[in-house]
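Start from chain E and add chain R according to the hints.
For the record, the sequence lines run as chains E and R.
Residue numbers for the first sequence follow the working numbering, beginning at 1 and rising by one.
Residue numbers for the second sequence follow the working numbering, beginning at 1001 and rising by one.
Simulated from the structure, these hints should not be mistaken for lab results.
No false leads were mixed into what you were given.
Derived coverage of chain E by chain R (criterion: at least 3 residues anywhere in the stretch with Cβ under 8 Å from a Cβ of chain R; other residues may be distant):
| no. | region |
| --- | --- |
| 1 | 18–29 |
| 2 | 63–70 |
| 3 | 127–137 |
| 4 | 140–154 |
| 5 | 184–196 |
| 6 | 213–226 |
| 7 | 229–235 |
No more than 27 Å apart at the CA atoms, straight line, and that leaves these computed lysine-lysine pairs for DSS-like:
| no. | chain 1 | residue 1 | chain 2 | residue 2 |
| --- | --- | --- | --- | --- |
| 8 | R | Lys1449 | R | Lys1315 |
| 9 | R | Lys1360 | E | Lys177 |
| 10 | R | Lys1215 | E | Lys47 |
So, partial list: chain E residues that the calculated Cβ filter (under 10 Å) puts toward chain R:
| no. | residue |
| --- | --- |
| 11 | Tyr10 |
| 12 | Pro11 |
| 13 | Glu12 |
| 14 | Tyr13 |
| 15 | Asn15 |
| 16 | Ser43 |
| 17 | Leu44 |
| 18 | Phe45 |
| 19 | Pro200 |
C-beta: ideal position from N, C-alpha, C; glycine also.
Spelled out, the chains give:
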Amino acid sequence: MAKIAIEVLYPEYNNLYGDRGNCEYLQKKLMLAGYDVEVIETSLFQKPAFIENQVDFLLIGPCQEKHQVIEIEHLKEYAEAIKNRIDNGGVILATGNAFELFGQYIETPNGEKVECLGFYPYYAKQFSKLRYNDCSVGEFDGMEIVGFKNLLSHSYGENTHPFLSMKKGCGMNEDCKIEGVNYNHLFATYHTGPILPLNPQFTDYLIKIVDYNYESVTLEYEKQAYGSRLKELLK
Amino acid sequence: MGKIRFLIAIIVGKVSAFLLDKIFKRGTNTPGIIMLKICPDALSRFVMPRKTICVTGTNGKTGTSNLLTHIIRNSGKTVVNNSKGSNMAPGLASALVTQCTLSGKVTADVAVLEVDERSSQYIYTEFTPDFILCTNLFRDSIMRNGHSGFIFDKINDYLDKKTTLVLNGNDAISGLLGEGVCDRVFYSVNKTERSTETCVDTVCDLIACPKCNHKLDYEFYHYNHIGVPKCLHCGFEMPKSRFFASDVDFDNGTFVFNGPLGESLVLPFQKGNFFNVFNITGACAVCRLMGIDLDVIENSIEDLSSKTGRFENKKYNGVEVVSMLSKNQNPISCSQSLKFLDSTEKEKDVVLLITDSNDKVHGHEDISWIYDTDFAPLNSENVKTVYIGGSRCYDVANCLDIKGVDTGKLVLFENYDELANEVSKKSIIGRDIVVYFELYATGVVEKIKNAMSQKGDK
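Chain E extracted, bound-state conformation (with noise of 0.2 Å):
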C-alpha cells in the first residue's frame, strides 16, 4: 500500500474556519482510495517534518493576526527549506491570510510593517474593524473553484503567479480580479475554510500531483454539493 503524508502548520493556530475540513477530505479519499495516511501536525516550537522527511501535502491555514505575526518570524529561520520544496514541485496548500506569507510584507493597523518570506512582490494590509466576507468563484486551469473568504485584511501590488482568476468576488483586493499565488505546486488562495471538500475536482488535481496513478474516488455528496453552489453563485 503506497504511502502519504500530510504535514499540517500549526494546527493550534491555524484552525480558524473549518480549515480542518481539507486535511480531513484529503486524509479520507485517500484512504478510500487504498492510501496509508499519516497525518504530521507540527506546532510552533517545533521544526517542520517535510525539511527532513517526505511530506507530500504541506497544509497551511488561516490564524488570528496577531499569532501570523508570531509565526512569521518562525517560518522565517525554514525559509530556504520552503523555496526548496517549492522550486522542487513539492504540494503546499495554503489558505486564508496564510497566502500573505509568501509576499513582501504586511502592513498592521498602526503602520507596523511586518517582513514576510519575501518570495513574490505582492504585499498585504491589515484593517483594523472591518471584517470582508465573500462567496466566490474563481478559475483555474479550466476548473472553476469556490469558496469562502473571510479576512481583516487584502493585498496589493504585482501578483506575477496568479492562481485564480475571479468569476465571483473580489481577487487579492476590492479592485482586482486575480488572487492567491501558484507556482510549481504551491497553491496559495485568500479562501477560508474547507476549500478541498467545497471542490473535488481541485483535490483529485492536487492528488495527481502526488500520485499520477491515482483512481478518482468520489464521495456521494460532493457533486452535488459542489454542483449546487456553483450554480447559486453564478446565478
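Showing chain R alone in chain E's frame:
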C-alpha cells in the same frame, strides 16, 4: 440643542413604545432605532441607575442576564432590562426609555443589560457600567464574528477602568479581558466527574499559551477550551477565583456555590445543562458583589431552575418531538446540543435544519463552520435516520460522510415541505424525533409539528 433633541427622542421613544406594545403586544427595537436617529448620543444622556450591569460573551448571555434580573428583583430592587428587545444599542435604548423620566433619569434601581459582544464600541463609550460580566469567548458565526481574537479586541478596547469585570476563570480567552486596566473578579467551576484530561471536542479555541505561545497544558477540561489551563513553559495560569462552584451532582442536578470567607449554598441547576452551572455561578458572583443576601439568592434560583432553556418537547400520538435551537453558524452551540442524543437510550430520528433556511434573503451561506462541529453523536445506534433540510443539505451530508457518519442513514430534502411530510410519514410510535433548528427555521419546525398532528387526525 442636544438637550432638546434628547427630550424629543424620549417623548417619541415613550409614545412609540406605548403604541407598539398596545398594537403588537410585544417588545421591539423600533423605539430605540427612532430615538438614536433623533439623538445619536441618547445612550450617553440617560442618567443611569445606581448600579448598571452589562452581560456579554459568546454563549450564555441571555440565561445569565435573565437570572441576574430575577435575583435582583427578588431582593426588592426594581430592574430595567432588555430581555424583550435586542442586545445592541437600539435594544438598550428601547428598554431604558420605558423606565425613565422626561429628563432621562432611569427610575429603576438597577439596570441589567445584555450586550452583544460586537456592540461594545457603541455602548461602553456611552456609559460606564459598574459591572461587566463576560460569560466566555468562543469562535462564533464566521460571517459576523470572524474569530475570538477579533471579538476580544472589540470588547477590550472599550473597557473603562471604573468598571469591575466579572470573568469566567475557566476561560483563558475572555479571562484576559481588562488585564492591568480594570478590577477583575473571577468565578469558576471545580473539576467534576465529567471533566476530561484531554479535549474531547472537535474545537479547542485555546491550544497555545496566550503569553508565550508554547503548547498549553490543561489540568482538566470541562468542555472545549473551558477548564484549568497551565503553561509548563512560562508558568501562566488563571488568577484564583473568588467565587466557585463545587460538588456538581449531575444525577440530582445540584451543586455548591462557594464565596469568599467560607460562605456556601447548595443550588439546583437544569439537569443535563452543565452550562447552567456557569451561568448561575456568574450571576451569583455579581449578586454577592452587590451585597444581596444568600437566602434571597437561594430562593430565587429554586423557582427558576425549572424554566428557561431553548428546548421544547411535545407528544403527537405516541411520537415525542423534541426541538432544540442550534445557534446559527455556531459550531460550539451545535455540537453541545447534539450531545443531547447521547443522553437517552431511546430510538430517535434526527432532523438537521442547521444551515440558514432564509438564505434566499441573507445570501449564500458560508458553511465552513460545519467542519468545526462535532457530529459523532449521530453515529449512535439509537439514531436511525438523519434528515437534512435546506439548500445546503448536500454540504452537510458531505461533511457528515467525511467525518465518518454512515451515509445510509441520511435522507436529504432541499424543500422543507417535502421534508416535513416525509418525517411525519415515516415516524414510528415510540421513536423520538429530535429536531435541531437554526433561528430562522422555526417555521419549518412548525411544518413538521403540523404534519405530525395531521397524521394523527387521519
